[in-house]
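**Q** Go by the hints and put chain B onto chain A.
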Amino acid sequence: MDLVRNGRSAPAAVLTFPGPLGRVGGVGDVPAAGSRGAVRPDLEEVFRGNYPRVVAVAARVLGSRDSAEDVAQEVFLSFGRSAVPAEEAGGWLTVAATHTALNLLRSGRRRSAREELAGDGPAVVPDTADLVITRDERSSVRAALARLPHKQAAALVLRHSGLSYAEVATALDMSPGSVGTTVRRAESVLLKELNRHASPE
Amino acid sequence: MRHPSEGVLRRLVDEPAGVTDDDRAHVAGCPDCLRALDSVRADADLVGAALAPSGSADADAAWARFSATASAPAAAAARRPAAAAARRRWSTRMGRPAIAAAGAVALLTGAGVAAANDWLPIFSAERVDPVAITSTDLVQIPDLSAYGDLEFTQAPEPEQVADAATARERTGLDVPEVGDLPAGVSGDPSYLAAGQMSATFTFSADKAAQAAAAEGEVLPPPPAGLDGSRLRLQAGPGVAAVWTQPTGVPTLVVARAGAPTVYSSGVPFETVRDYLLSLPGLPAGLADQLRSLSTDAATLPLPVPAELVTSSTADVDGAEATVLTSRDGLFAGVVWVEDGVLTGVAGSLSADELLSVARDLG
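Sequence order for the protein chains is A and B.
Start counting the first sequence at 1; every next residue gets the next number (the UniProt record's numbering).
Start counting the second sequence at 1; every next residue gets the next number (the UniProt record's numbering).
In short, the hints are calculated from the structure, not lab data.
None of these values were measured; they are calculated from a predicted model.
One should not assume that every hint holds.
Quick look at which bits of chain B chain A covers, simulated, 3 or more residues with Cβ under 8 Å [unchecked claim]:
| # | stretch |
| --- | --- |
| 1 | 4-15 |
| 2 | 25-34 |
| 3 | 40-54 |
Where a beta carbon is used, it is the ideal one built from N, C-alpha and C, also for glycine.
The following block holds chain A by itself, in its conformation from the complex (with noise of 0.2 Å):
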């Protein structure tokens, strides 16, 4: 289902959802999300200062900014509704997008990852001087991340976005001791997919 990518056009699906929660929210009489109605006041702010952030670390596991900028959006408005302490917000905001972003990642609901390519950015992205990635291996190894388990796979993300180990392991319940562990296997595994598809040395 499309819910996830309400963020611009909140397609039909977003306003028919069949369930208690879309009959009871549809004619608006139950406080199911708690303070709706009520805007956090902290809002704009903590959506300007934290929104670019964000969108890359969404875009990392989507490696396309339009889906990225969708992520976003829905993480901000689950943010808006929630009573996350705002100097907490960083680490929440960078959790909730690549646990969202992975999901859509693999809900095979997006485009394919080369469609999204295509019109995203150019085709070689040189980093450092030797390291250079084409757009078919980006999107293997997208490819491979929405393989990965779940909690690797977003250990990886959590750990490329900024994350220290201790904010990885408090994130993804696991001891701090497996967090490396857990990133390193994650990247052998996606280094495999690229090495497979690396135009040959």
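**A** This is chain B only, laid out in the frame that chain A set:
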């Protein structure tokens, strides 16, 4: 000493201070470990480069879009008070696939009667019970599309209408009349009406297996006949009256709707329920709550975010109502089902005030 693990080397790349002095000292003096460290570092850099997002996002434009659409703050809400508020609730709550999945599982599990070959009503809400859902549950529950295909056959098309009479004309439901408005609520309400909605859910063993595999789990074998079996979900129509502050924040909402029903095309419903509840990915605590509720086919589980909302029960003219109160005490709601009709009263009022509105409804 033995060589530190690759996990330790990986941490050494990012956070040398997080690695023990012994490990650091060993690596510094061990040619094998230094070589391994180089390769771990190179791998990390390469993956980092492969994942690196290109360009940077424009926060100003994004904020403009964000505040103008679904999460509209007061300013935007004031432009289209009721519609915007209602839409915000829909899109916010429904926008989370996890919540949608929880809602669907909750609804699907509310039944217990075996079905015949044709569409057969197997669930009809007669009462509501809250199911506590934590944010941890939410990130764990997979997308509903993981279990099959959901197709909407009839959209409710909620819209604002001029008055209660129009709402009645469109839906056949009387908008509940409020006796005395509580203190702080004044003026005339705006009215919303929505038609009946129905959707068909087709279970797919393939999809569920893929979802399980993505989580590194093995799908339990589906019972005979489940693959491809269909459920029809139906709810509505619904009407609501909304009193709004000048800022656009709703102070009181009174709503009534046809309670949800579920029909099955073949497989006994208990089979579907038990299987869904056994799927990997559904948090055990949540599954237990749903299972204990679904012993009869008449209790509608209402997912409630446990961190934000407390729930209790109260009597409303002989019906048992669920009372929800936000933990910050700013909002509350009362909801109950009677004769297949679900009624709810909610607002930025105390639970006592809302209960007295509920008991006075005409």
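**Q** If a hint holds in the structure, say so; if it doesn't, say that too.
**A** Hints and how they fare:
1. Only residues whose beta carbon comes within less than 8 Å of a beta carbon in chain A count, and the stretch 4-15 of chain B has 9; three or more means the coverage holds.
2. Check on the stretch 25-34 of chain B: 0 of its residues sit with their Cβ under 8 Å from a Cβ of chain A, so the three-residue criterion for coverage is violated.
3. Evaluation of the coverage hint for the stretch 40-54 of chain B: fulfilled, as 13 residues show C-beta separations to chain A shorter than 8 Å, against a requirement of three.
Hint 2 from the earlier list is the only one contradicted by this structure; the remaining hints agree with it.
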